[in-house]
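Peer 1: Below are the chains, spelled out letter by letter.
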Amino acid sequence: MQEALIAFAVMLGLTFLRLPIAFSMALVGFCGFAYLVSFNAALSMVGSVAFETGMSYTLSIVPLFILMGNLVTRAGLSAELYRVSYAFLGHRRGGLAMATVLACGGFGAVCGSSLATAATMSKVAMPSMRKYGYSDALAAGSIAAGGTLGILIPPSVVLVIYGILTETNIGKLFIAGILPGLVAIACYLAAVAVTVRIDAKAGPRGERVSWHERMVAIGNVWGVLILFLVVIGGIYGGIFTPTEAAGIGAGGGLVFLLLRKGFDWRELRTILIESAITTGMIFTILIGALIFANFINMTGMPTELTGYAEYFRETPILVIIAILAIYVALGCVLESMSMILLTVPMFYPLVAHLGYDLIWFGIIVVVVTEISMITPPVGLNVFVLRSVLPDVPTKTVFRGVMPFIVADIVRLGILVAFPAISLYLTQFVK
Amino acid sequence: MSGLSANPGGPLLGRWEKPFEMLLGSATALILACIMLLTCVDVAGRYVFSEPVPGALEVTELMMGALIFASLPMVTLRNQQVTIDLFSPFIPAAVKPALHVLIHVASGLCMGVISWRLWVKAGQMFEQGDTTAVLQLKVWPLVYFMSALAAVTAAILILMIRQKDAAGGSGEV
Amino acid sequence: AQTTLTISSWLPPSHIITKDMLMGWAKEVETATQGRVKFRLLPKAVASPPGTFDAVRDGLADVSISVHGYTPGRFPMTKMAEFPFIGDSSEAISVAYWRTYTKHMAKLDEHKGLVLLGLMTHGPGQIYMTKQKVASLADVANQKIRVGGGLVVDITKAMGAVPLLKPASETYEIMKSGIADGIFFPKDSVPAFKLVPLVNHMTVVPGGLYNVSFGLWMNEAKFKGLPKADQDAILKVSGEHYARMAGKVWDREDAAGLKAMEAEKIIIRTASPEFVAEIKSKTDPLEQAWYNEAKAKGIDGAAVMAEFRAEIKKLSGK
Ligand code: NA
Ligand code: NA
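Residue numbers (our numbering), protein chains in the order written: chain B, 19 to 448; chain X, 5 to 177; chain C, 12 to 329.
These aren't lab readings, by the way, just hints derived from the structure by calculation. Incorrect hints may have been included.
With a straight-line Cα cutoff of 20 Å, these simulated EDC-like cross-link-like pairs (lysine to aspartate or glutamate) come out [said to hold, decoys possible]:
#1 C:LYS205 x B:GLU185
#2 X:LYS142 x B:ASP375
#3 C:LYS205 x B:GLU21
#4 C:LYS114 x C:GLU304
#5 C:LYS118 x C:ASP311
#6 C:LYS187 x B:GLU185
#7 C:LYS49 x C:ASP243
#8 X:LYS142 x C:GLU121
#9 C:LYS118 x C:GLU285
#10 C:LYS293 x C:ASP150
#11 C:LYS308 x X:ASP134
#12 C:LYS55 x B:GLU21
#13 C:LYS177 x B:GLU185
#14 C:LYS177 x B:GLU332
#15 C:LYS308 x X:GLU131
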């Protein structure tokens, strides 16, 4: 246990000195393994991890969902999603921010990444919110927070990684994300409503759209609907495995791109390369985290943690609350993917041992990860917005996400208190 | 977060950078497209012709190995390794140059060890005659390929020492 | 002096391979060495199932079990235990396998860098289908069958069916959704993977349609570092002793598995002599190919197989 905690501290220290997270984990994991087992065994372990992680069929789901997200992003589905949300909500106070949240949710249904959702939505939603005089804080905050829906509403790369780490059924995890995703949208809409009630100038009304135009707008989002139904419906109905669904989804994304933008070889090449680079980045972290996890496995920490948990047999919820507190704290300073890869292998045996459902825990982990993406000082979605909208100061974005963080915490409470919200739909998965 | 900024101070590999990116970029694009197509054809084959593609799983595995390692040099060249810049402002300017060197040496060392161990593994697989299950493809050539690309990544990390400190103390936060 | 050795298993602690075979063996070693050698089961496997061999050779863990067929091409001679119609009892097959393999194949040093402590096979593999009854070769033609690794892939292809090599963790989904039409499995595994409600037809092939070879091994340096007395004590509860113990466990679980399936609506039929002859005509070339492979290594494959089969018969007769 002691070795594990020291290693953890050293690892964090190295990342704070700006050593890439992947290499911090690999270096500390390697040294720890060499110390506990032997130098030669540690060397061999590095080779196996690199080989097995690189050549994994199950993990091919990751680049495929990333590719799908990038293809639908370039196909421009986001603009239509925003238009239809605007048509229904734009005339309300704060309606454009609400439309942003809704459109993010819709986009999240075809894109597995929060960053991609936030980046693409900022291009569509920000200009229109500026036009109507929205405060930068509310505008940017709603995009940054709405973007986090990308990893809760299926498909989701984070749920895929969680499923692989815990050997939980990825199809069920996806389906489990649907209702909590709707709860999240409701909470975010409430957060916007409260914000404009406090400060009416933050979100003025937009124009009312006629029912005729609303119907036209709805007719334009069939592409998103089809893709979602094929991918998630295919998993739900047992027509294909999640890995296969990712391939089909990417193929579907490609079809949409070709239908809308025509065949542009260079564009396609760029999308493929960008997806490959994101994949390479994630896999470097994955390799580092697995090396670190192999060391943790040797320290006996997981067994000891389970032993401590025995003291809380009567009140296991205390353990869950402690874990959530650790996640929120770590989420402030760590990047989300690294946080999951580091902590899930340590916590999930404990959670399972206490009798909790691992699918439910997966949803909870995703929700705390969503929080980590918008909490200062390290909030990836906020940084994405900053790079897309360089004139909005980071501080303003963080101020803008505060109401949404409150909404997140309320939602976390709801999902912890009512596991059925996450688990109800999974019983129907074929 | 770094990762979003391009390389300062011109291309690292000079006039070789463009052709290098062209080559690796095309390779990764092609491999990823093939993984996608193979998955689609496999599923379609199963439903339409009642015959999945033989060995689809293992070919996907081989292509994944190639994809991941072929993307690593580009991830590094574009400064896309995830780094926490949070505490940069608190690091004294005097130690920054030395830290810059140390970080890249440590990173290069990590990739170097990965490359070395993959090389050893490839040799063992050659000796032991490891093949895939259905198509009985030899695995060792691919593992040498993975090792070589890890070595290229390590070399790029070491070359990056010459570059100006990307964060330059300003940081994103 | 006391030594603690680490055990890695890619199967959960409750699975019979971990609980009864690995830890059962470990317990016997602890007793035989009067507590001088103890074991610690690692919370997680140190490597993937195919990587287990390398992991133990390189000392990531000290002891483990794995399937030879997970690394195709590396242990060609262990295919001898995976051919059809070799026997109905895992105990008899495993003991005969240990005797024959160590007698004839040890000199090839397939397990280089490891101390081979035991060999075993699971129970005879049978046919389970979701919809299609299987009473002849024509019935399995083009059916998609989920299989593990090893010779069973070739057997499936030879029978005209389509082998699906999907991860074991996906077994239930691909059967339920109809991605696979059936599965080749030992009897214990159908209930173990909760497949009973999905299976409608089972065909029992006398002597088994296929089998899977498992090895129990230990890191060489760790073994050599033990005092001679402890080495001897370990060897005493390994080898044939272990093959018998592991085989018995599998036979027991197979019987329980069959009972569980008989209690359900599964239609169980035994392959007719004609069907068996059909299968044999398709799989004989595989055995022939293996004879050639053995010949290249200086082994008389046909003679070894004959001896192996006679040994199984003798042991089953008891
Ligand atoms: Na999503
Ligand atoms: Na954060």
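Peer 1: Now look at each hint and say whether the structure bears it out.
Peer 2: Verification of the supplied hints:
1. C:LYS205 x B:GLU185: holds (16 Å)
2. X:LYS142 x B:ASP375: violated (42 Å)
3. C:LYS205 x B:GLU21: violated (40 Å)
4. C:LYS114 x C:GLU304: holds (18 Å)
5. C:LYS118 x C:ASP311: With Cα atoms ~13 Å apart, C:LYS118 and C:ASP311 stay inside 20 Å; holds.
6. C:LYS187 x B:GLU185: Measuring from Cα to Cα gives roughly 18 Å; hence the hint holds.
7. C:LYS49 x C:ASP243: holds (15 Å)
8. X:LYS142 x C:GLU121: holds (18 Å)
9. C:LYS118 x C:GLU285: Cα-Cα ~39 Å, so violated.
10. C:LYS293 x C:ASP150: Holds, at about 15 Å.
11. C:LYS308 x X:ASP134: Distance of about 17 Å is within 20 Å: holds.
12. C:LYS55 x B:GLU21: Holds - the C-alpha atoms of B:GLU21 and C:LYS55 are around 18 Å apart, at most 20 Å.
13. C:LYS177 x B:GLU185: holds (15 Å)
14. C:LYS177 x B:GLU332: violated (41 Å)
15. C:LYS308 x X:GLU131: Cα-Cα ~15 Å, so holds.
When held up to the earlier numbered hints, the structure conflicts with 2, 3, 9 and 14 and fits the remainder.
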